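Number of protein chains: 2
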Amino acid sequence: MLDWARRYDRATLASDLVATLIVTIMLIPQSLAYALLAGLPPEVGLYASVAPLLLYAIFGTSRVLAVGPVAVVSLMTAAAIGQHAAAGTPAYWAVAITLAFLSGAMLLLMGFLRLGFLANFLSHPVISGFISASGLLIAASQLKTLMGVKAEGHNFIELVHALMLQAPNIHGLTQAVGLLAAAFLFWVRQGLKPLFVKLDLKAWLADGLAKAGPVAAIAVTAGLAWALEWQAQGLKLVGSVPQGLPPLTLPLWDLALWQALAVPALLISVVGFVESVSVGQTLAAKRRQRIEPDQELVALGASNLSAAFTGGFPVTGGFARSVVNFDAGAQTPAAGVYTALGIMLAALFLTPALYYLPQATLAATIIVAVLSLVDLGMLKRTWVYSKTDFIALLATLLMTLARGVEVGLVVGVAVSLALFLYRTSRPHMAEVGLVPGTQHFRNVLRHQVGTSPRLVSLRIDGSLYFANARVLEDWVNDVVAEHPQAQHIVLQCSAVNDIDGSALESLEAIDRRLCDSGIAFHLSEVKGPVMDRLKDTHFLRDLSGRVFLSHYQAVHELAPEIGQAV
Amino acid sequence: MLDWARRYDRATLASDLVATLIVTIMLIPQSLAYALLAGLPPEVGLYASVAPLLLYAIFGTSRVLAVGPVAVVSLMTAAAIGQHAAAGTPAYWAVAITLAFLSGAMLLLMGFLRLGFLANFLSHPVISGFISASGLLIAASQLKTLMGVKAEGHNFIELVHALMLQAPNIHGLTQAVGLLAAAFLFWVRQGLKPLFVKLDLKAWLADGLAKAGPVAAIAVTAGLAWALEWQAQGLKLVGSVPQGLPPLTLPLWDLALWQALAVPALLISVVGFVESVSVGQTLAAKRRQRIEPDQELVALGASNLSAAFTGGFPVTGGFARSVVNFDAGAQTPAAGVYTALGIMLAALFLTPALYYLPQATLAATIIVAVLSLVDLGMLKRTWVYSKTDFIALLATLLMTLARGVEVGLVVGVAVSLALFLYRTSRPHMAEVGLVPGTQHFRNVLRHQVGTSPRLVSLRIDGSLYFANARVLEDWVNDVVAEHPQAQHIVLQCSAVNDIDGSALESLEAIDRRLCDSGIAFHLSEVKGPVMDRLKDTHFLRDLSGRVFLSHYQAVHELAPEIGQAV
Chain C
1 MLDWARRYDR ATLASDLVAT LIVTIMLIPQ SLAYALLAGL PPEVGLYASV APLLLYAIFG
61 TSRVLAVGPV AVVSLMTAAA IGQHAAAGTP AYWAVAITLA FLSGAMLLLM GFLRLGFLAN
121 FLSHPVISGF ISASGLLIAA SQLKTLMGVK AEGHNFIELV HALMLQAPNI HGLTQAVGLL
181 AAAFLFWVRQ GLKPLFVKLD LKAWLADGLA KAGPVAAIAV TAGLAWALEW QAQGLKLVGS
241 VPQGLPPLTL PLWDLALWQA LAVPALLISV VGFVESVSVG QTLAAKRRQR IEPDQELVAL
301 GASNLSAAFT GGFPVTGGFA RSVVNFDAGA QTPAAGVYTA LGIMLAALFL TPALYYLPQA
361 TLAATIIVAV LSLVDLGMLK RTWVYSKTDF IALLATLLMT LARGVEVGLV VGVAVSLALF
421 LYRTSRPHMA EVGLVPGTQH FRNVLRHQVG TSPRLVSLRI DGSLYFANAR VLEDWVNDVV
481 AEHPQAQHIV LQCSAVNDID GSALESLEAI DRRLCDSGIA FHLSEVKGPV MDRLKDTHFL
541 RDLSGRVFLS HYQAVHELAP EIGQAV
Chain X
567 MLDWARRYDR ATLASDLVAT LIVTIMLIPQ SLAYALLAGL PPEVGLYASV APLLLYAIFG
627 TSRVLAVGPV AVVSLMTAAA IGQHAAAGTP AYWAVAITLA FLSGAMLLLM GFLRLGFLAN
687 FLSHPVISGF ISASGLLIAA SQLKTLMGVK AEGHNFIELV HALMLQAPNI HGLTQAVGLL
747 AAAFLFWVRQ GLKPLFVKLD LKAWLADGLA KAGPVAAIAV TAGLAWALEW QAQGLKLVGS
807 VPQGLPPLTL PLWDLALWQA LAVPALLISV VGFVESVSVG QTLAAKRRQR IEPDQELVAL
867 GASNLSAAFT GGFPVTGGFA RSVVNFDAGA QTPAAGVYTA LGIMLAALFL TPALYYLPQA
927 TLAATIIVAV LSLVDLGMLK RTWVYSKTDF IALLATLLMT LARGVEVGLV VGVAVSLALF
987 LYRTSRPHMA EVGLVPGTQH FRNVLRHQVG TSPRLVSLRI DGSLYFANAR VLEDWVNDVV
1047 AEHPQAQHIV LQCSAVNDID GSALESLEAI DRRLCDSGIA FHLSEVKGPV MDRLKDTHFL
1107 RDLSGRVFLS HYQAVHELAP EIGQAV
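Protein chains in written order, with this note's numbering: chain C, 1 to 566; chain X, 567 to 1132.
Okay, chain C solo, but in the shape it has when bound:
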C-alpha cells in the first residue's frame, strides 16, 4: 500500500473516480445475483462487496483486482452449505458466514506458511475444465429462475432432467422477460459497441454505453414490472431488500460444523486463490507489474475474514469485475476503496429501488456472464498438443458435471498428478551415438551417428526414482542381450535430475549384474547436485567403471581399451 499511496495525485484520483462509478454500477446487480446463486438473500451480495474490497486494498499486491462474490465460488458455497441448512433460512446464512471465516483463516495460514506454490499443482487443463463445467452448472441452475419453475438437482444431469420434467409448468411471462433480457445482454456483448462506433460516437463513450447495457436491461425490466404490475401476474421480483450498512456478525463456534466444512472451505480457498491469482497476473502482466502469490493469500484471507464479520460469504478476486476495473482505468487500489464506499451507499439508500427488479433478469445476467466462461473449443486444442492434458481436462469437466464442483476438482487434480507420475514412471530411453564432427551424442534411431558394438552409450530421459527404477534395470538387461560383444556400458545422465534411494539400489543391482557378465558400467555427465549425494555411497565406491564429466570424454578415454577409434 505504501508503494502507491506516496505518489497519489489529482490525475490518478480522477481516473480512479471514473473507474469507481462504472464498477459500482456493474457490481450492484452482479452482487445481488451471486448472492441468490449461493442461496442467500440478495443484500448479502452487497455486504460481501464492501469490507473485502477495503481489506484487499490494504493487503493485496494487484492494483486492479476487485474482490467480491464471484460465480464459481458462489456455486461452491451453495454446494457446501446445502448439506447443513435449507436455503433462505437464517441458519443457512450463518453457515455461509462460518464458511467465509474458515476459508479466510485457511488462506491466511497458507499465506503465513508461504504455501502459495501449492496452487501450481492445479494444471491449466484442470482449471479450464473445472471453470467450463462450473459455467454450465451455474447456467443450468439459473434456468429454473428464468423459466419460473422449481427444479433442484445436485449435478448437471439431475438439473437438466428436473428442468425437462418442469417444461409443462413454465411461467410464460417470466420466461419471456428472462429470454429477452438474455438475448439483449448477449447482443450488448457482441454487437452494441460496434454499433455505437458506427454511429460515430467517440470510442470512450461507445465503450461506456456498451458497459452500461446490463444496467439498462435491469432498469427497463424493473420499470416494466412496476408499470404493468407483473408481480400480480406471478412474476417473481427481488422484493424488499433491507436498507442499511453491512451488519456485524460472528461465525458459529461449532467444532463439528467446522470439521464438516473443512474440505469445502479448503477447496473454495484454493479455487478462489487460483482464480484471483490468474486474473491478477493476467492484468499485471499487461502493465508490467508483478503480483506476489504468498502476499495474495494473506490479502484474500483478510478479505474473507472481513466478509465473515460483516454478514458476507466467501469472496475472491473476480475476472469480470477486475477487467471492468482495469478497462475503466483504475490506477491504484484506492479505486477499490471508492467502489466499496459506493456499494455501501447503495446498500444504505438504493435498495428500495431494487424491489421491482425481476429475478428472471438477474438469472439472465448470470447466465450470460457464466456462458462466456464455457470454452469447449479448449477440448480440441488440448487434444492436438497433449493427450494426457486432454484426459485431465475431460475427466475434470465430466466429473464436475456429473458429481459436482468438489468431486470434480479433486478428481481433476488427482488425475493430472497420476498422469504425470505415470509418465515419469516410464521415461524415454535411447541408445545414443556420436554426431559426426561434433562432441554431441544423439539417439541412434533419429540421427546418423557413430556407434561401437563394444562400447554401448545409453541415455535415460528422466530422474531415477522408485517408480521407474525397475524399468531401467529391465532395459539395461535387454540392451546387454542385444549387444553380446559389449565390454563397456556408459549411461549418460544429462537428464537425470535426481536419484533416490530406491533407484540407487537398482543402479547397484545393474552394476553387480553387468560386472558378473564382464561388462564395466560407467556414468557420464552426472549433474552437480546428484554427484554431491552419490559421492559418499557404496554404489560409487564399488562401481565397476568410472564417472566422466562429459559423454564425449568417456567415449574418447575408453576407446583405447576397446581397440577402436571413436
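Mixed in with the good hints there might be a few duds.
Stated by the list, open to error - Label pairs and their computed distance ranges (CB to CB):
| hint | chain 1 | residue 1 | chain 2 | residue 2 | range |
| --- | --- | --- | --- | --- | --- |
| 1 | C | E505 | X | L579 | 32 to 40 Å |
| 2 | X | E1123 | C | P194 | 44 to 52 Å |
| 3 | C | E505 | X | W753 | 28 to 36 Å |
| 4 | X | R1012 | C | P194 | 57 to 65 Å |
I should point out that these hints are in silico values taken from the structure, not numbers from a laboratory.
These numbers come from a predicted model, not from an experiment.
We put the beta carbon where it would ideally sit given N, CA and C, even for glycine.
Given the coordinates of chain C, assemble chain X onto it according to the supplied hints.
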C-alpha cells in the same frame, strides 16, 4: 509350467523331495501360528497352505516361491475383518474367506489389465518402514499370548498400554514357557549352526538340524505340557484341531460387505503382491532366472481364489517359507505340489498330535520370525543418503504404529509421491558456461567456464509441467534483471524430458516478455520426443529465436551476432 515339466528327471525329483520334507515340517507350525494371528482357528492355516501352493505351481513364474499365510498379510486380515465380526466366530471365518475371494479377484483383474507396474509406486522406504512397523505390531499383539493375559488394541500404543495394565495378571507358567521358547528360537537362529559345525558335523547336516530347531521347540513344549498336565495349571493349548481335508467353501455374496472390504482387500492385494514379487525377484536373481510381474498377479489371484474356495484366508508368497524352499534345494514348482500334499496329509492325520502344543510356543515362533523383519538401522542409513526418503520411511513407520497397517500404508505412499512431486515442482536451475577445450557446458557456480554478458546460457534440470512452469518464468525474469546487457538467452533442454500444455503457455509468455525487452529466446538440445510435439505449435512458429541441435552449436552460431568469440 511347460517350461520345466519337460525337463523333469530323477535327480531333480530327489532334490525336490528333500526340499518338500523340510519345508512341510517348517510350514505346519507357521501356518497354525499365522491363522491364530489372523484371529482364525489354527486348522485354517493348514487349509490356506494347500490349494494356493498348487495353483501357484501352475500359474507362477518363480520356481521357488512358496505361497501361503504370511505374517504381514495375516495382520492386515485381522485388521480388516475385526470391524465386521468377532474373532473366533464362524461369521469371522466367512468374512476371511470373502476377503481372500475379493483379493484374488482384484489380483487376477490387475494381472489381466497388466497393472503390475503399479507396485513400482511403493518405494523402498515405504516398504521397509511398513514391514518394520508391522513386525513390531505383530510382536506386540503376540506378547499377550506369551504372557497369558488378555489385551486388545488397534495400534501399537494401545497394545503396549493394555499389556502394561495387565502386568499384575501375568500367568507365570505361560510366560516361562513362552520366554524360554523364544530364547531358544533366537539362539537357534544365531548360535546353533556354528555350534554343530564346531562339533564337526557335516555342513548339510548342521544346516538341516539348525532348521529343525523350531520343530524341536514345539515337540519339547508339547511333550512337557502333556507329561506335566500344564493345561490343568491354566496354560492355554492349541486344543482339538478338526481332522480332515480342506473344506469346500463359498464367499459371502453380500454387496455391502464387499464394498466395505474393497479398500482393505486392495491394500492386502498390493502388499501381498509386492512382498511376493520382491521375494521372487531376490531368489530368481541368485539363479539368474526372471519373474514376470503381470503373470505373478494372475498366479497370486488364482491362489487367493483357491484359498477362498477351500476354507482359507488371504495368502501370498512368503519370505521365510520361500527361502527355506530355496535353501533346501527346490528346483521346480513341483516341490510346491509335494509340499501341498504333505500339508494335506498333516491336516488329515497329524492334527491330534497338535492338541498339547502350548499357544505360548506358537506366539514365541511368531515373535522370533517377525522381529527379524524389524530393521530400525534402516532409519539411519536412509537419513544419510536422502532426507526425503527418510521422511517417507519415518511417516510410514510412525503412522503404521500409531494408526494401523491400512492408514500407515496409504499415508506412506501419499507422502512419498507428494515428496517426489514437491521436488519436481522446484527443479534445479543453473546458468552454464563452456568448459574450456571442450564443447561441454556446465554450471558457472561449480566449474571454471567461459561466459558472455550478451549471450546467457541457462539449463533447467527437470521436465516442464504445470507444477514448475511458473518457477521457470520467475527464474528467467530474475536472470534478465541480473544481465542487463543480454541480447540472447539460450535454454539448454537436455534435461527437459517433457513439456506439457501448461508449461508450453509459460514458454510462450517467457518468449513474449523477452521479445518485448529486445532479447531473443533460443532452445538447444531439445530431445526428439519433445521436438515432435513442439513442432506444430504456435510457440515454435512465433519463437523469437531458433532451436539448435547442440548447445555448443547455438553459442558458436550466435557468436558473430554479439560480436564476440566463444
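Structure-based check of each hint:
A hinted range of 32 to 40 Å holds for the C-beta pair C:E505 and X:L579, which are about 37 Å apart. Distance hint check: the CB atoms of X:E1123 and C:P194 are about 48 Å apart, consistent with the given range 44 to 52 Å. Remark: the range hint 28 to 36 Å for C:E505 to X:W753 is upheld by a beta-carbon distance near 32 Å. Here the CB-CB span from X:R1012 to C:P194 is close to 60 Å, well matched to the stated 57 to 65 Å.
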